[in-house]
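Top line first, the protein sequences correspond to chains A and B. The first sequence begins at 5 in this note's numbering and counts up by one. The second sequence begins at 340 in this note's numbering and counts up by one.
In case anyone wonders, no lab produced these hints; they're calculated from the structure. Even for Gly, the Cβ is constructed at its ideal location relative to N, Cα and C. The reader is advised that the hints may include incorrect statements.
Stretch-level coverage of chain A by chain B, calculated; a stretch enters the list once three of its residues show a Cβ under 8 Å from a Cβ in chain B [as the list claims (entries may be wrong)]:
| no. | region |
| --- | --- |
| 1 | 82 to 92 |
| 2 | 113 to 121 |
No more than 35 Å apart at the CA atoms, straight line, and that leaves these computed lysine-lysine pairs for DSBU-like [claimed, not checked]:
| no. | chain 1 | residue 1 | chain 2 | residue 2 |
| --- | --- | --- | --- | --- |
| 3 | B | 398 | B | 439 |
| 4 | A | 61 | A | 21 |
| 5 | B | 409 | B | 395 |
| 6 | B | 409 | A | 61 |
| 7 | B | 409 | B | 398 |
| 8 | B | 439 | B | 395 |
| 9 | B | 396 | B | 409 |
| 10 | B | 439 | A | 21 |
| 11 | B | 439 | A | 15 |
| 12 | B | 439 | A | 61 |
| 13 | B | 395 | A | 61 |
| 14 | B | 409 | A | 19 |
| 15 | A | 61 | A | 15 |
| 16 | A | 61 | A | 19 |
| 17 | B | 409 | B | 439 |
| 18 | B | 439 | B | 396 |
Residues of chain A placed beyond 10 Å of chain B at every Cβ, according to the derived structure [what the hints assert, rightly or not]:
| no. | residue |
| --- | --- |
| 19 | 12 |
| 20 | 15 |
| 21 | 22 |
| 22 | 24 |
| 23 | 28 |
| 24 | 60 |
| 25 | 70 |
| 26 | 76 |
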Amino acid sequence: GAGVSQSPSNKVTEKGKDVELRCDPISGHTALYWYRQSLGQGLEFLIYFQGNSAPDKSGLPSDRFSAERTGGSVSTLTIQRTQQEDSAVYLCASSEGTGAFPGNTIYFGEGSWLTVV
Amino acid sequence: TQLLEQSPQFLSIQEGENLTVYCNSSSVFSSLQWYRQEPGEGPVLLVTVVTGGEVKKLKRLTFQFGDARKDSSLHITAAQPGDTGLYLCAGAPPTGTASKLTFGTGTRLQVTL
Chain A
5 GAGVSQSPSN KVTEKGKDVE LRCDPISGHT ALYWYRQSLG QGLEFLIYFQ
55 GNSAPDKSGL PSDRFSAERT GGSVSTLTIQ RTQQEDSAVY LCASSEGTGA
105 FPGNTIYFGE GSWLTVV
Chain B
340 TQLLEQSPQF LSIQEGENLT VYCNSSSVFS SLQWYRQEPG EGPVLLVTVV
390 TGGEVKKLKR LTFQFGDARK DSSLHITAAQ PGDTGLYLCA GAPPTGTASK
440 LTFGTGTRLQ VTL
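Using the sequences and the hints, build the whole thing.
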């Protein structure tokens, strides 16, 4: 596709349920990122994938959060036993590589808005 | 942990006014980016500044990177309603993964007629 695609765009779930959020990056982009944005706030880094390297999971807030990237393309962010504080917009982004800026531009998807009730 | 504080948090101005948004940190960044985000969309890159003291202009927007590469400012001249949105600065670390960005707290700008 032309841009980063995320699904679902909106998800309402009950506390304690598991959710999966999907990200389809721009074709050919080797780097993929997940960020979390609380209402009207800045972005919080969650996890980063680069090619076949081990992902950088340093931003995941708890062991209820996990992510995988299959075939170097599509990624799924899974939140187990959701809590109300997990409510946020989950943004996926991709870039051609991980080189220094300005040569490497990150493109964001529109996000998945998660509400835990 | 690198932190980026933006000020002001909220700004409501009338069309034609000038404004400046600040992005400050005690940490050094290898480069700094500014994004604009509109409701229901992801952030979109406006500019990247790399060199300390660098000034870049994008039409009515002027971006400056501090000499010590710890802070930045965004100045908008003659603001228009189309400038409305959430402005985010983001810094790239001096070591490690270059594209693992630290985002600022955001400045929400509203420009009215």
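Checklist entry - Hint by hint, which ones does this structure get wrong, listed from lowest number up? => result 1, 14 and 24
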